[in-house]
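S.K.: Letter by letter, the chains look like this.
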Amino acid sequence: MMSRTHIVLAVAATSLVLGTADPVVLSLSAVSSQLPDVDTTKSFSGRVLFPLSSYLEKRFAHRSITHSFLALAIFAVIIFPVTFLGYQYWWGMVSGYFWGFFGDVFTKSGVALFYPSKVRAICPANPRLRLATGSSAEWFVLFFLVIFAILSIHINSAGGIVRSFNQVLGLPSGAIETVNEDASRYLLKAHIKGRNAITQEPINKSYSIIQPLNQNDLLVKDELGTTYRVGNSQESQIVASQMKIERVAPITTTVTNIFLDDEEIYTALIEEEKKLRTPNSELRTYLSGTLTIFDADDLILPTHIDRYDTITLQPGSDIAYARLIAASPQDVVRLLGDYYASGNLVVRIVEKKP
Amino acid sequence: MPIKRHRRKLANGEEKIYTYAVSADGTKRHSLSVRDSSDSLQIYRAREFRRIVAALQANSSLLVVGEAGCGKTFLAQAITAELTEMNFQVAVTQPGTVKQILSDIAMQLGVDTEDLEGKTLSTMGLMKEIADWLLVNTAFLICDNAHRFPVSLRCWLDQLHTQGQPILLLATYPPARDIFLKLPRIELEPMADKATRAIMLEAAAELNLELTPAQLASLQQRVGGNPMLAKRVVREEYLGLDGQALDHTQWLDITPYIIAALMCLVLVRFIGLGFNNKSLYLLGGIITVSVAVIRIILYSLPRSKGRLGQ
Chain H
1 MMSRTHIVLA VAATSLVLGT ADPVVLSLSA VSSQLPDVDT TKSFSGRVLF
51 PLSSYLEKRF AHRSITHSFL ALAIFAVIIF PVTFLGYQYW WGMVSGYFWG
101 FFGDVFTKSG VALFYPSKVR AICPANPRLR LATGSSAEWF VLFFLVIFAI
151 LSIHINSAGG IVRSFNQVLG LPSGAIETVN EDASRYLLKA HIKGRNAITQ
201 EPINKSYSII QPLNQNDLLV KDELGTTYRV GNSQESQIVA SQMKIERVAP
251 ITTTVTNIFL DDEEIYTALI EEEKKLRTPN SELRTYLSGT LTIFDADDLI
301 LPTHIDRYDT ITLQPGSDIA YARLIAASPQ DVVRLLGDYY ASGNLVVRIV
351 EKKP
Chain R
1 MPIKRHRRKL ANGEEKIYTY AVSADGTKRH SLSVRDSSDS LQIYRAREFR
51 RIVAALQANS SLLVVGEAGC GKTFLAQAIT AELTEMNFQV AVTQPGTVKQ
101 ILSDIAMQLG VDTEDLEGKT LSTMGLMKEI ADWLLVNTAF LICDNAHRFP
151 VSLRCWLDQL HTQGQPILLL ATYPPARDIF LKLPRIELEP MADKATRAIM
201 LEAAAELNLE LTPAQLASLQ QRVGGNPMLA KRVVREEYLG LDGQALDHTQ
251 WLDITPYIIA ALMCLVLVRF IGLGFNNKSL YLLGGIITVS VAVIRIILYS
301 LPRSKGRLGQ
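In the order they appear, the protein sequences are chains H and R.
When we follow my numbering, the leftmost residue of the first sequence carries the number 1, and every step to the right adds one.
When we follow my numbering, the leftmost residue of the second sequence carries the number 1, and every step to the right adds one.
Quick caveat, the hints were computed from the structure, so don't treat them as lab data.
As the structure is a computational prediction, the values presented were derived from the model and not from experiment.
Idealized CB from N, CA, C, for every residue including glycine.
Don't take every hint at face value.
Stated by the list, open to error - Lysine to aspartate or glutamate pairs mimicking EDC-like chemistry, simulated, CA-CA at most 20 Å apart:
no.	chain 1	residue 1	chain 2	residue 2
1	H	Lys221	H	Asp297
2	R	Lys278	H	Asp182
3	R	Lys128	R	Glu114
4	H	Lys42	R	Asp104
5	H	Lys244	H	Glu263
6	H	Lys352	H	Glu273
7	H	Lys58	R	Asp104
8	H	Lys352	H	Glu263
9	R	Lys278	H	Glu181
10	H	Lys353	H	Asp338
11	H	Lys58	R	Glu117
12	H	Lys42	R	Asp242
13	H	Lys189	H	Glu263
14	H	Lys353	H	Asp331
15	H	Lys189	H	Asp338
16	R	Lys99	R	Glu82
17	R	Lys128	R	Asp104
18	H	Lys205	H	Glu246
As the list claims (entries may be wrong) - Pair by pair, the computed Cβ-Cβ distance ranges are:
no.	chain 1	residue 1	chain 2	residue 2	range
19	H	Ser184	R	Ser290	31 to 37 Å
20	R	Gln94	H	Phe144	21 to 27 Å
21	R	Ala260	H	Ile161	20 to 26 Å
22	H	Arg185	R	Pro302	50 to 56 Å
23	H	Ser157	R	Ile296	50 to 56 Å
24	R	Thr212	H	Glu181	22 to 28 Å
25	H	Lys353	R	Pro302	46 to 52 Å
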């Protein structure tokens with residue numbers, strides 16, 4: 001095989017096997033893929049490491065001692081200090097070396113993989129179907145390997161193969177998986193195809209994601225701030241057939257607790273807000289928790305069938321229980337501000353990283 | 001009988017090495033072998049050589065097995081020379097019909113090939129005559145290319161073996177039958193890199209061909225420890241042929257292992273199933289189908305034929 005084929009094969013395979021797009025790791029594997037060919041002075045690495053290559057080629061057949069698992073093990077031990085810089089670099093080099101000689105299995109004369117045994121490993125068995133170095137067939141293979149390498153690096157830089165696969169299919173369960181992974185680090189947007197569960201209108205629109213509700217459903221809001229439950233469960237307002245998740249911006253999330261003990265909700269929230277308010281946080285502060293509201297005889301909350309109610313009320317005699325799920329402070333103040341309540345609220349503030 | 005070797009240049013420019021057994025007074029000489037001068041005079045299989053000579057001297061028969069070109073004939077010649085030098089009588093078989101082979105053996109041993117009436121003995125007669133002669137005299141039988149021997153000859157050798165005659169059989173992958181099963185066996189392993197490299201250098205020197213170590217290392221890939229191939233690749237290089245054939249037997253088709261490794265990826269599917277991850281399950285399904293397709297394609301590729309050039 002030509003040295004360029006070795007490089008491309010090593011880069012493609014390393015990126016796929018290690019699931020990385022790190023340029024340092026991939027360059028290390030490309031360099032390492034040239035090292036097995038140090039057993040001939042004709043190769044690039046042989047010319048660079050001339051004394052070693054001259055020594056080896058006088059004693060051993062080409063593609064024997066340096067193209068073996070034995071040599072791989074020795075190489076792995078020698079470069080072990082690289083792990084001080086990071087295990088991924090070491091893995092990259094080992095993988096590069098391995099693919100550097102394993103690719104030769106597909107060439108006419110094969111590789112003595114199990115040196116000191118002289119057995120040469122080949123694939124496929126028919127020598128006519130194996131590659132001759134520099135033949136047009138090899139250029140053809142090289143072409144496909146280049147495409148493969150680009151694809152693999154692209155997929156890995158976009159977050160890995162499973163994620164890319166989810167993205168392509170737009171499977172709702174896969175999308176929720178992605179949200180679970182990313183929600184704490186990125187502001188996410190979902191492009192949803194589906195239908196409105198009540199009106200049966202088709203929907204093909206982008207929503208920003210607030211949080212996953214459970215394994216099947218997401219809580220999203222549109223540009224007007226209306227919240228919807230999206231997914232496949234019965235309570236969903238939007239039944240999704242396809243969801244594609246997009247990263248909008250990296251974020252930081254702050255979580256605090258508010259504890260109310262028979263306090264006016266308005267005062268408690270305003271005080272808290274003064275402490276927490278930052279220019280970016282306006283629309284992305286979410287309150288969750290359960291409050292016991294006193295003197296709630298006259299408290300009635302509107303319920304909507306076409307949207308997700310972030311505040312729900314369970315009335316009782318004189319007192320009521322309000323359950324908040326990712327409710328906005330504005331809504332809480334508007335609907336419950338005048339009441340006295342006890343309970344615990346979790347405040348999640350999402351801010352774009354500057 | 002002492003041995004003499006001469007290197008002679010023939011009229012056509014070829015050089016040959018003649019090996020003779022010469023009687024003590026120099027009146028009788030008996031040709032043992034004629035070899036191309038490119039043939040090495042050094043025995044690279046010294047261990048096997050010593051072992052075989054010792055075994056024969058201990059009155060024990062041996063079978064030497066190895067791939068074509070691994071140096072059996074060379075070893076047989078060296079052993080013949082060695083035994084002759086030790087003043088033993090040695091009969092070496094040449095390729096031919098059963099009758100030719102038997103007459104040849106009889107001639108070398110000095111057994112009468114005619115009956116009392118002056119008629120040439122039949123095959124059966126020759127067999128009996130030689131067997132009887134060997135019962136009372138000490139001589140070694142060296143049979144090269146024994147895998148080509150017909151059943152009748154093998155049965156006769158079997159009979160000789162039973163009567164205690166030391167025989168050296170050399171054969172290329174003989175059938176696991178009769179005499180081949182009975183004899184203790186030495187398998188000739190592929191030669192060390194150092195030895196094949198030396199043989200290649202000798203062959204190159206013979207052709208007045210200068211090869212760099214890089215070229216030699218590259219050519220040596222196709223040798224696989226086989227001295228005949230070591231010479232052949234040098235001649236191919238001399239003629240400017242880029243021989244690609246992998247004629248030695250030291251190779252292993254790893255297609256099944258590659259497929260087995262790929263099959264392990266099918267596990268992804270079950271991991272997806274176990275963790276209730278639909279996309280992993282689908283991905284695993286795609287991998288399963290891809291591996292199956294690769295497998296079908298790899299196995300449906302035309303097989304390499306046993307015949308040359310296919």
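S.K.: Checking each numbered hint in turn, tell me which of them this model violates, lowest number first.
M.R.: 1, 4, 5, 7, 8, 10, 11, 13, 14, 15, 16, 20, 23, 24 and 25
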